[in-house]
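Number of protein chains: 2
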Amino acid sequence: MSIFLVDEYKNMEPYVPGEQPSDKLYIKLNANETSMPPSPKVFEALSKKEIWNMGFYADPNCKEFRQAVADVYGVTEEEVFVGNGADEVLSFILMSFFRRGMKIYFPDITYGFYRTYAKTYGLDMEEIPVKEDYSVDLKDYMDLKGDIILANPNNPTGLSNTMEDIEALVAKDPERMVIIDEAYADYSGETALPLVQKYPNLVVVRTFSKSRNMAGMHIGFAIASKEIVEDLNKIKFSFNPFNLNGLTMAAGIAAVKDTYYFDKCVKSIIENRENFKAELEKIGFEVIPSKANFVFCKSKEIDSKTLCVKLKEEGILTRHFADERLKDYLRITIGTEYEMMVVLIAIKEILAEASEEKELGIKKAI
Amino acid sequence: MSIFLVDEYKNMEPYVPGEQPSDKLYIKLNANETSMPPSPKVFEALSKKEIWNMGFYADPNCKEFRQAVADVYGVTEEEVFVGNGADEVLSFILMSFFRRGMKIYFPDITYGFYRTYAKTYGLDMEEIPVKEDYSVDLKDYMDLKGDIILANPNNPTGLSNTMEDIEALVAKDPERMVIIDEAYADYSGETALPLVQKYPNLVVVRTFSKSRNMAGMHIGFAIASKEIVEDLNKIKFSFNPFNLNGLTMAAGIAAVKDTYYFDKCVKSIIENRENFKAELEKIGFEVIPSKANFVFCKSKEIDSKTLCVKLKEEGILTRHFADERLKDYLRITIGTEYEMMVVLIAIKEILAEASEEKELGIKKAI
Chain A
5 MSIFLVDEYK
15 NMEPYVPGEQ
25 PSDKLYIKLN
35 ANETSMPPSP
45 KVFEALSKKE
55 IWNMGFYADP
65 NCKEFRQAVA
75 DVYGVTEEEV
85 FVGNGADEVL
95 SFILMSFFRR
105 GMKIYFPDIT
115 YGFYRTYAKT
125 YGLDMEEIPV
135 KEDYSVDLKD
145 YMDLKGDIIL
155 ANPNNPTGLS
165 NTMEDIEALV
175 AKDPERMVII
185 DEAYADYSGE
195 TALPLVQKYP
205 NLVVVRTFSK
215 SRNMAGMHIG
225 FAIASKEIVE
235 DLNKIKFSFN
245 PFNLNGLTMA
255 AGIAAVKDTY
265 YFDKCVKSII
275 ENRENFKAEL
285 EKIGFEVIPS
295 KANFVFCKSK
305 EIDSKTLCVK
315 LKEEGILTRH
325 FADERLKDYL
335 RITIGTEYEM
345 MVVLIAIKEI
355 LAEASEEKEL
365 GIKKAI
Chain B
5 MSIFLVDEYK
15 NMEPYVPGEQ
25 PSDKLYIKLN
35 ANETSMPPSP
45 KVFEALSKKE
55 IWNMGFYADP
65 NCKEFRQAVA
75 DVYGVTEEEV
85 FVGNGADEVL
95 SFILMSFFRR
105 GMKIYFPDIT
115 YGFYRTYAKT
125 YGLDMEEIPV
135 KEDYSVDLKD
145 YMDLKGDIIL
155 ANPNNPTGLS
165 NTMEDIEALV
175 AKDPERMVII
185 DEAYADYSGE
195 TALPLVQKYP
205 NLVVVRTFSK
215 SRNMAGMHIG
225 FAIASKEIVE
235 DLNKIKFSFN
245 PFNLNGLTMA
255 AGIAAVKDTY
265 YFDKCVKSII
275 ENRENFKAEL
285 EKIGFEVIPS
295 KANFVFCKSK
305 EIDSKTLCVK
315 LKEEGILTRH
325 FADERLKDYL
335 RITIGTEYEM
345 MVVLIAIKEI
355 LAEASEEKEL
365 GIKKAI
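Protein chains in written order, with our numbering: chain A, 5 to 370; chain B, 5 to 370.
Calculated from the structure, these hints are not laboratory results.
Accuracy of the hints is not assured; some may be wrong.
When chains are identical, the list treats them as one kind, so a pair holds in a single copy or across two.
Claimed, not checked - Below 25 angstroms or equal to it, Euclidean Cα-Cα: the simulated DMTMM-like pairs (lysine to aspartate or glutamate) are:
(1) K268 - D169
(2) K309 - E234
(3) K28 - D63
(4) K107 - D11
(5) K230 - D137
(6) K352 - E285
(7) K143 - E360
(8) K123 - E12
(9) K52 - D262
(10) K149 - D11
(11) K362 - D267
(12) K202 - E357
(13) K67 - E23
(14) K107 - E12
(15) K123 - D11
(16) K123 - D141
(17) K230 - E12
(18) K309 - E357
(19) K28 - D11
(20) K14 - E179
(21) K281 - E318
(22) K14 - D128
(23) K286 - E305
Use the sequences and the hints to build the structure in full.
Put into structure tokens, the structure is as follows:
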């Protein structure tokens, strides 16, 4: 720490980014990414011409990209804010609409970034406990005085709330902002987007990192009232006017327009998820019904931390959370059909070994 | 404005991004960009393989990129902070080391972003007047209590301070942070970088937008003590952990390593600048001696605003500033040899026309 760091940040908790080991090639199912390439249109978009013209600034208003997103989602360009990843979009939202000490509510089990931001920048966060079955009960939020942020589907559980319940929450108090983080919504088939034009207190955040196979490009966007988008743009222009570079926008425009490839990819992940869930259940796993591109599961035969370590030894990365309420489960990202087949074989082998060892242990004891 | 915007931001001044007209093709000399392509190595780096792997997050620690920058500048990776453009780097610096109400000093004539940031985020900024000849006299800053930010060379004048004076300023008070924005330093041949390892209160900010022909990629970096870089990274991880995407870092690594192409480009811009200055002086222009990739100049024959408008009609964009102390001058970015030849011809034609009109006016009056 330098002597210059502002006092408020002196007790910042260090953020721990997800594991990215490079000692060997892994099947990477620990960060809800995908080994599928982006749309073929993205390859075309990143042309020699685009690179040649790199000497000029890209449009800080991101007009063409916002229009492309607006066209696909049936809103106007003025209702679209684009950012350098959904995290940046979330940060600009929190920066614009929350000052130090202001109340914000979110579930105690959800995407960790909300807590990181709120703690670092001094928001008065309150974490509402999820139910025994990990579900978020929106009745708990109905009467809260203060803004709310929810991931729907939630992470790391994959559980989602119905649009009826979300609409009731948003409608309850027009002066309360409700931010719905829909990073995984394409895999649930349900979205709060149609509500945006009806409720000016609703902000929906989306990402290209999951369903568009572009985590490495860090593109996110928000859809909200044009007044909210105008505010976000003003804040952005005072912080980093050129937050999306030319190549990133060219890739984003090509990707968002290719709805055919997008639908194909989403459909395959949903199929792989349902098949993988069924296979896991056949071998005695409990699998929380996920609407996302991951499953949160546990086996009676082996504890999840051990399974995570053993899978890593087999070249497969999954995510185990140490938190008390999460430690019994393992989060496995849904990859390609081939990747899920390999994971399943590895899990079966690990379980067989564990059961052999157990038997051996019993025999020895006898 | 939405009802949700935090009060502090309600009077935000709208930032006005530089003109990017698209009604026709322009020779664009208004934003200190370049029509030269990035290093050929950048074309190689943005390969099919890189695009194919876009589904995975890039390294949020940016290790490989920071190491590449460190190697070129003779520092360690821990002394390099990389960001999504120099503006983002500056914002993370100001966010980490300045709270609302904290004093910051900069010249009254300099890069407009410092004022935008300071006003929006409530820093107690004080603008120190530059001298009659637009120079920044560092004696004015020696005894100031509070942190200082200086662009060196300065923008839009192109004037620069000596490293002796900068060192004296930095050395004067080890508890005062001095931020030197060296966006244009490659064109001056002087840099404060060697001072960083001697003075832990010095932060040097750099960009790929000028001398590396990559404005469209928005890459910036800071070199400072490892404690300062550690602070910046913590703040970054709480705001936008993945601030540089994979393609951007691949391009950045390729570009920074290609010192041969870089040297060639810088050398050609300096040559073009000196030739263009000499030609302007031949036709009666006053040209402030610039150490950057632009000249700040005025003609006795025509006022600068009119010249700017007429050049635009000829398909050439330059930058006129309306501020009282700047309005007599025109800032012209230094482009390729061909571009500067075209600009010079256009200026000569415009001057000839103006002188004809003047003569005609005199004749008519007689």
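Tested hints:
1. K268 - D169: Neither, since 29 angstroms and 62 angstroms both go past 25 angstroms.
2. K309 - E234: Neither way: K309 and E234 sit 46 angstroms apart in one copy and 31 angstroms across, limit 25 angstroms.
3. K28 - D63: between (40 angstroms within a copy, 16 angstroms between copies)
4. K107 - D11: Both. Shortest intra-copy (21 angstroms) and inter-copy (15 angstroms) distances satisfy the 25 angstroms Cα cut-off.
5. K230 - D137: neither (38 angstroms within a copy, 45 angstroms between copies)
6. K352 - E285: For K352 and E285, only the intra-copy Cα distance (12 angstroms) is at most 25 angstroms; the inter-copy one is 81 angstroms.
7. K143 - E360: neither (47 angstroms within a copy, 80 angstroms between copies)
8. K123 - E12: Close inside one copy (10 angstroms) and across copies (20 angstroms); limit 25 angstroms.
9. K52 - D262: both (21 angstroms within a copy, 19 angstroms between copies)
10. K149 - D11: So K149 and D11 pass the 25 angstroms test across copies only (19 angstroms; inside, 29 angstroms).
11. K362 - D267: For K362 and D267, neither the intra-copy (45 angstroms) nor the inter-copy (67 angstroms) Cα distance is at most 25 angstroms.
12. K202 - E357: neither (56 angstroms within a copy, 58 angstroms between copies)
13. K67 - E23: Between copies only: 14 angstroms across, 35 angstroms inside.
14. K107 - E12: both (18 angstroms within a copy, 17 angstroms between copies)
15. K123 - D11: both (14 angstroms within a copy, 21 angstroms between copies)
16. K123 - D141: Close inside one copy (24 angstroms), not across copies (42 angstroms); limit 25 angstroms.
17. K230 - E12: between (33 angstroms within a copy, 20 angstroms between copies)
18. K309 - E357: Within one copy, since 16 angstroms is at most 25 angstroms while 81 angstroms is not.
19. K28 - D11: So K28 and D11 fail the 25 angstroms test inside a copy (41 angstroms) and across (51 angstroms) alike.
20. K14 - E179: between (34 angstroms within a copy, 17 angstroms between copies)
21. K281 - E318: Within one copy only: 20 angstroms inside, 66 angstroms across.
22. K14 - D128: both (18 angstroms within a copy, 22 angstroms between copies)
23. K286 - E305: within (13 angstroms within a copy, 87 angstroms between copies)
Hint compliance for this structure: hints 1, 2, 5, 7, 11, 12 and 19 are not met, and every other hint is.
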